[in-house]
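**Student:** So the protein lines, in turn, are chains A and B. Adding 67 to a residue's 1-based position in the first sequence gives its number in the working numbering. Adding 916 to a residue's 1-based position in the second sequence gives its number in the working numbering.
Rather than coming from a laboratory, the hints here were simulated on the basis of the structure. The model shown is predicted, which means the values in this text are computed figures rather than measured ones. Careful: at least some of the hints might be erroneous.
[Unchecked claim] Here are the in silico distance ranges between beta carbons for each label pair:
#: 1; chain 1: A; residue 1: E119; chain 2: B; residue 2: A951; range: 21 to 31 Å
#: 2; chain 1: A; residue 1: D73; chain 2: B; residue 2: G1186; range: 29 to 39 Å
#: 3; chain 1: A; residue 1: L78; chain 2: B; residue 2: R1151; range: 18 to 28 Å
#: 4; chain 1: A; residue 1: Q132; chain 2: B; residue 2: S1234; range: 37 to 47 Å
#: 5; chain 1: B; residue 1: P1268; chain 2: A; residue 2: T153; range: 52 to 62 Å
#: 6; chain 1: A; residue 1: A144; chain 2: B; residue 2: G1291; range: 53 to 63 Å
#: 7; chain 1: B; residue 1: R1402; chain 2: A; residue 2: G105; range: 25 to 35 Å
#: 8; chain 1: A; residue 1: V157; chain 2: B; residue 2: K1180; range: 49 to 59 Å
#: 9; chain 1: A; residue 1: D73; chain 2: B; residue 2: A1028; range: 51 to 61 Å
From the three backbone atoms N, C-alpha and C, an ideal C-beta is built for every residue, glycine too.
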Amino acid sequence: MKLVIDRRLVLHVAALARLQVKEEDLDRLTRQMSEILGYVDKLEELDLANVEPTSHALELLGALQADAVQAGLAPEALFDNAPDATPPFVRVPKVVEGGGDA
Amino acid sequence: MNSTDWTIHEMADALRAGRVTSRKLTEDALARIAATDGKLHAWLTVANDFALAQADAADMRLAAGDATPLTGVPLAIKDNFNVTGLPARAASKILGNYVAPYESTATARLRAAGAVLVGKTNHDEFAMGSSGEYSAFGPTHNPWNLDYSPGGSSSGSAAAVAARHVPGALGTDTGGSIRQPASHSGIVGIKPTYGRISRYGIFAFASSLDQVGPFARTTRDAALLLQTMAGVDPRDATSAPVPVPDYLAACARGPQGLRIGVPKEYFVEGISPDVAAAVRGALAKLEGAGAKIVEISLPHTEYCVAAYYIIAPAEASSNLARYDGVRYGYRSRDVRDLSDMYTRSRLEGFGPEVTRRILIGTFALSSGYYDAYYGKAQKARTLIRRDFLDAFRTVDVICAPTAPETAIKLGERVDDPLAMYVSDILTISVNLAGLPGLVLPCGKDRGGLPIGLQIIGPAFGEERVFQTAAAYENARGFDWTWPEVRP
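Let the hints inform the model, and build the full structure from the sequences given.
**Tutor:** Written out as structure tokens, the structure is:
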């Protein structure tokens, strides 16, 4: 693959992951990602042309539930953990700038 | 009388004979934790009143003749399980002051059997790490030598059992997080087959690899804990509808006729001579007791770390997308808008290792790189899994070291993530293949740190694993002792 991991790529990936990376951490993270992904290049040695991917180790039939109404958690119990809530709502900061005519 | 020295089975016998109460056992456990955890930092939450209330309920149940072997026995739970009413933070700042509003199936089954949950134990943040040092709340110390890590990620559960705070504990194992700390702390730990125990109510790290399992000080105690938790659960569609056999009966079977495979790839490059010698010594004991030892090959062993450190971070990056500061957990203050709230909450809430894994995983799943990284790792996983399927055509179990070396010194490797990853080489293959793996002590290195023998079985072959482990325990030829932690 011989991919070069640079600061720009790390910032791109961080944005995809909704993570902010501090300027002082950027060089270290770039170096560490580069080392780790360089190590992973070892998989290049394998001939995988005719190999099926495995997403789950065991071929199991899922334990399906009966399609029936069951008691769940009381909604109030969930608001106790909310950082900012007026049940039945959770409050968040402004989603879009501006206002007025849409 | 020092009840904290007792095993689960010894506690159960004493409780049923009326020689002790659960309240006394629980008070002894709490007293020992209070006296020694300042040195170990195994616990994140010690729930005194919560534990004593369960103990009193257990004593009533015992008096009523309605007890199971776990009724009244104090246990520790890793912080990445939800136990209703207790803090559950996965050892991360991002969970803020989260208190579990519901119960994991594994702990619900222990509680239904009457076990007393004493509190929550420390571990690497979101179970990502091999030394316990990535906990947002500081590292756990190894009871055998306080300068060393007890292993990870389930550092606190392992240390709490080795230090005799409690006779049993729960952990999770995604790449070795039960087996490696069991090895480094000199206790028994088993990661069961994927699907053997429900994952409902644990904080997801890598959903195709995560599995719940117990720690204990004897194989029989571990078998009892697994027995209590195993079995299909309608709340986890990946839990297996496979009957649960009698694991304690399996412990009594003896090693005659067992065919034990020893993978030659697990003894090469970088294995400490003390570890190799202790494991070879254990194999000789098993052979002497009637087992047959066969050399086998798992040819794709050298690709396990590379495949795992794409697959596990990829799944983690997806699972951890839910921590955004909206409905629960930590939320950054003074933010510009919603998008800023997400990114700042995640920056301030996640520690360095979790951040690295999210970045690696997001990269491996991102447009343009998916096939080259994630796709390849999944194909390599197929080859790794096939190695085991081939091996189990000729052997009943596989025995190997658990880790290339004994416990590391705290601070030694914390800034070298790749070296930390590579040290997982002997445990992660078992997660990639979804198999059961048990670890129990088989010796110490020249510095007095424990060494663990790993016993791997075929899928749903826990009986053979317990059979082998109990046979070795009987044949071991020395009494395993426990470390003293001075208050």
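**Student:** Please go over all the hints and tell whether each is borne out by the structure.
**Tutor:** Hint check results:
no.	hint	in the structure
1	E119/A with A951/B: 21 to 31 Å	violated, 55 Å
2	D73/A with G1186/B: 29 to 39 Å	holds, 31 Å
3	L78/A with R1151/B: 18 to 28 Å	violated, 39 Å
4	Q132/A with S1234/B: 37 to 47 Å	violated, 23 Å
5	P1268/B with T153/A: 52 to 62 Å	violated, 35 Å
6	A144/A with G1291/B: 53 to 63 Å	violated, 41 Å
7	R1402/B with G105/A: 25 to 35 Å	violated, 45 Å
8	V157/A with K1180/B: 49 to 59 Å	holds, 56 Å
9	D73/A with A1028/B: 51 to 61 Å	holds, 54 Å
When the structure is compared with the earlier hints, violations turn up for hints 1, 3, 4, 5, 6, 7 and for no others.
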